[in-house]
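J.: Generate coordinates for the entire structure from the input sequences, incorporating the hints supplied.
In terms of the numbering used here, the sequence shown is residues 1 to 80.
Bear in mind the hints are in silico, worked out from the structure with no lab data behind them.
Where hints are given, some of them may not hold.
Straight-line alpha carbon distances no greater than 25 Å define the calculated BS3-like cross-link-like pairs of lysine-lysine that follow [what the hints assert, rightly or not]:
(1) Lys-60 x Lys-44
(2) Lys-44 x Lys-33
(3) Lys-33 x Lys-13
Across the chosen pairs, the derived CB separations fall in these ranges [what the hints assert, rightly or not]:
(4) Gly-65 x Arg-35: 35 to 45 Å
(5) Ile-5 x Thr-56: 32 to 42 Å
(6) Gln-18 x Met-49: 19 to 29 Å
(7) Leu-61 x Met-1: 18 to 28 Å
(8) Arg-63 x Phe-29: 33 to 43 Å
All values derive from a computational prediction rather than experimental measurement.
We put the CB at the ideal spot given by N, CA and C, even for glycine.
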Amino acid sequence: MMNDITLYSTGMKILTEQLGLVEAERFVFLVGKERFDYTKWRDKLFEDMSGREISTSAMKLRREGRQNQDGSNLLSPMNK
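T.: And the structure:
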C-alpha cells in the first residue's frame, strides 16, 4: 500500500500526463468543491454490467497493455 505522499504524487503525475497541467488542476479543483460520494459513484459505475462483463473488460484492458503517453503501462504498479 502506498503512503499518502506517494499516492498523491502518482495521481497528479497520471492526471497531468493524461489531461495536461491546466486540466489536471481544474479536475482537482472540481473534485475538491464537489460533494462527491465515491461509494455511490462506484455503485453506479458498473450497475449495468455483470461480474463476468466487468472481468472480461478488465482482462481485455490488461492484454492491450493500456499505455501512457510515455509508453509505460497504466496497469503496472507505480509505473517506474
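J.: Does the structure keep Lys-33 and Lys-13 at a Cα separation of 25 Å or less?
T.: Holds: Lys-33 and Lys-13 sit about 21 Å apart, inside 25 Å.
J.: Within 18 to 28 Å or not, the Cβ separation of Leu-61 and Met-1?
T.: At roughly 22 Å between Cβ atoms, Met-1 and Leu-61 fall inside 18 to 28 Å, so the hint holds.
J.: Taken at face value, is the distance from the CA of Lys-44 to the CA of Lys-60 at most 25 Å?
T.: holds (21 Å)
J.: For Lys-44 and Lys-33, compute the direct alpha-carbon distance and say whether it is at most 25 Å.
T.: holds (21 Å)
J.: Does the hinted range 19 to 29 Å hold for Gln-18 and Met-49 at CB?
T.: Given about 23 Å between the Cβ atoms, the range holds.
J.: Quick one: are Ile-5 and Thr-56 within 32 to 42 Å, going by C-beta?
T.: holds (35 Å)
J.: When you take the CB atoms of Gly-65 and Arg-35, is the distance between them in 35 to 45 Å?
T.: For Arg-35 against Gly-65, whose Cβ atoms are near 36 Å apart, the range 35 to 45 Å holds.
J.: Given the hint of 33 to 43 Å, is the C-beta distance from Arg-63 to Phe-29 inside that range or not?
T.: holds (35 Å)
Checked against the numbered hints above, the structure breaks none of them.
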